[in-house]
Amino acid sequence: DIDSVADIQMGAYSEIDLNTYSTVKTWGLGGAARSSSTSSATSHHKVHIEANANLRSDNEIELTAGRKGGDPLDASTYNSIDAYSEYANRAGIPVPADPVADTSSTQTNEVTLDAGSITRGVGDTHLEAVPGTEDLLGQGYGTDYALGVIPLERTGGSQTTSDTESVTVNGVVEVGSQN
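Quick note on the numbering used here: the sequence shown kicks off at 562 and runs consecutively.
Among the hints, a few may not be true.
[Said to hold, decoys possible] Have a look at the derived ranges for each label pair, beta carbon to beta carbon: (1) 714 with 611: 38 to 46 Å; (2) 565 with 612: 17 to 25 Å; (3) 580 with 725: 34 to 42 Å; (4) 726 with 601: 15 to 23 Å; (5) 629 with 727: 17 to 25 Å; (6) 739 with 601: 28 to 36 Å.
Since the hints were made in silico from the structure, they are not lab data. Glycine is no exception: its CB is placed at the ideal position from the N, C-alpha and C atoms.
Please take these sequences and the hints and turn them into a complete structure.
Dropping the structure here:
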């Protein structure tokens, strides 16, 4: 049980900074170059109030997944994910290949109040599951040099995001409990 004369703030979030880089260079009579880079992050932020738990505040209650509890401008989930690949194939007879540079981010943000839990606030109660900021970049560059001198440029890369947010209330939430 938590009984507070001030705000109750609970939040779950993450900050991810992930970078991968690959480079390949080839020479010879005939040859193939392939450069591949993959960056992926999966995060699950959950605020879970179990059965028979009691939260009571003389002020506000904030339960947030995807950002830190408190001021809405406070820290939230931030994913910066980069994948970069590059190749230079200077073989006399180059075998072409597409560069691979893939990034992905999967976020799950959930707030759950189980049956039997009680949340009482004199002020407001905020139950929030919010997506964070995602900055993904997947860039692949390749150059096959025909006869060793004529450049043939290739590009590739992808960015994939998946976000799921949910708030499930099976317990009791009371606001303005002294009115």
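Here is what the structure says about each hint:
Checked against the given bound of 38 to 46 Å, the beta carbons of residue 714 and residue 611, roughly 57 Å apart, lie outside it. The hint said 17 to 25 Å for the Cβ distance between residue 565 and residue 612, and at roughly 21 Å that hint holds. For residue 580 and residue 725, the Cβ-Cβ distance of about 25 Å falls outside the hinted range of 34 to 42 Å, so the restraint is violated. Judged by the Cβ atoms, the range 15 to 23 Å given for residue 726 and residue 601 holds: they are separated by roughly 20 Å.
Range check, residue 629 to residue 727: Cβ separation about 19 Å, and the 17 to 25 Å hint holds. As the Cβ distance of residue 739 to residue 601 is approximately 49 Å, the hint placing it in 28 to 36 Å is violated.
Going through the hint list in order, the structure does not satisfy hints 1, 3, 6.
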